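Visitor: Sequence:
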Amino acid sequence: MPTECGFLIGQDYALELFYRESWLDERLKYDRRRFKDKTEIALHESYTNFLWHPDTFMPNAIASKNPQKQSISHRSLLRLSETGHVLYSRRISIVAECPMDLTLFPFDSQVCKLGIESYGYTADQVRYVWSHDNKKPLVLHMIRLPDFAIKEAYVTSHTEIYATGNYSRLYVCFVFTRSSGFCFLQLIVPSTAVVITSWVSLWMESETEFQDMISIILAITFLIFSYNEMMPRVSYIKAMDVYLGVCFMIVFLSLIKLAFVKFMRQRLKLKNEASLVSGVFPAMKFASNMLPHIEANNVSAQATPSAVFDSPILSRSQIGSYAAISIGEVGAHCPHHVVELSGKGYQTRSLKNVLRKWEFDEKSMRKFHWISQMVFFFGFVSFCMFYFLVYPNLHIDTLDSECAKEKAEWFADIL
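Residues in the sequence shown are numbered consecutively from 876, following the numbering used here.
Just so you know, these hints were derived from the structure itself, not from any lab. There may be inaccurate statements among the hints.
To be verified - Pair ranges (Cβ atoms, derived):
1. Ile916 - Pro1021: 37 to 45 Å
2. Pro1021 - Thr997: 36 to 44 Å
3. Ile1289 - His928: 24 to 32 Å
4. Met1240 - Ile1089: 22 to 30 Å
5. Glu891 - Ala1279: 20 to 28 Å
6. Trp1285 - Leu962: 14 to 22 Å
7. Gly1120 - Gly1056: 35 to 43 Å
8. Arg908 - Lys940: 35 to 43 Å
9. Phe1258 - Tyr1037: 47 to 55 Å
10. Gly1120 - Gly1040: 44 to 52 Å
11. Tyr1262 - Thr1096: 18 to 26 Å
Predicted, not measured: the structure shown is a model, and the values here were computed from it. Ideal Cβ placement from N, Cα and C applies to all residues, glycine included.
Throw the hints in and build the complete structure from the sequences for me.
Guide: As structure tokens, this is what we get:
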């Protein structure tokens, strides 16, 4: 009858229980008339050192606390009946191993078992059976777990075959379903908030810097590392890994999209500046035709730059160090080259290289921005619906053959 059960995210669990076993020893029969008509005699626990008792052990226990002398919390009871039946009851603390399959974490269910058998007596000498009288062999009282809810518990029996012989073994099987509230509050909600924050940053793209997006990526990375620290190291992918991985991928793609949108804005700005430079050519052509008349009137050549470039596009402060340049005949239609003026001379660069062969406008850029945001939003919503509604049912739980429900002899009452 377990009284307390402790379960953590690991490969073991702790159990506090009252363990009761009885056996028949015909050598201990007595005449009750000699003991004031008592059908049962209560013996001190020290009498266990003088009576035969089975060498019971729990094969999957990795730590235990047995009754100690003068112990208040872990005492034992020894009772003898007139028919020679001996009842031995004690409270023990067990830490037992429980190999877990965390593929569906945090939607997983775990089956943990506790084995009971004799260490030295074979099955033909000592056979363990569950009590089938009016008292149920397993009763659970007030089981409270922080991460799990106990779904059911039952008992089975089995014969283990070793090199030293066949041994009778009993199993107590516990079925736990995980309470995902902790993971939901500590992992799912923060990671979802990080994803939504990255979307808000994208909608405010004109005010968002790369440092902001990198901070968001660092936040989701911190969540992933914190989650991995509290989980056991396994070689397979867990359901929580899938969710955090998708959140990280969306945030990373949002950063790439931000870089692409800023690149498009930069190209569009460069295209607009190139259009403004193209508008300078008619004025420059007119100034080139006026140069011979200016020289004929003995006008100082130093005044030429201010006369040539006296335009609203180029200010005097920008051309103070420029020299007079004679511009040849330029086509009256669309110019084919952009002229870059400098104090040391001039250079020409193809306008096609400036635009980098990408032709787009403000409307197409806004359209791309809106469509990509909708793809991110509906894609993540669809993934969440699949993750919370479909993903937990994709895998079938594989129960231990020794804890198959078909072999259950008794189901416990969970109080």
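Visitor: Each of the hints needs a verdict: does it hold here or not?
Guide: Each hint, compared with the structure:
no.: 1; hint: Ile916 - Pro1021: 37 to 45 Å; verdict: holds, 44 Å
no.: 2; hint: Pro1021 - Thr997: 36 to 44 Å; verdict: holds, 41 Å
no.: 3; hint: Ile1289 - His928: 24 to 32 Å; verdict: holds, 30 Å
no.: 4; hint: Met1240 - Ile1089: 22 to 30 Å; verdict: holds, 23 Å
no.: 5; hint: Glu891 - Ala1279: 20 to 28 Å; verdict: holds, 27 Å
no.: 6; hint: Trp1285 - Leu962: 14 to 22 Å; verdict: holds, 19 Å
no.: 7; hint: Gly1120 - Gly1056: 35 to 43 Å; verdict: violated, 22 Å
no.: 8; hint: Arg908 - Lys940: 35 to 43 Å; verdict: holds, 41 Å
no.: 9; hint: Phe1258 - Tyr1037: 47 to 55 Å; verdict: holds, 50 Å
no.: 10; hint: Gly1120 - Gly1040: 44 to 52 Å; verdict: holds, 50 Å
no.: 11; hint: Tyr1262 - Thr1096: 18 to 26 Å; verdict: holds, 20 Å
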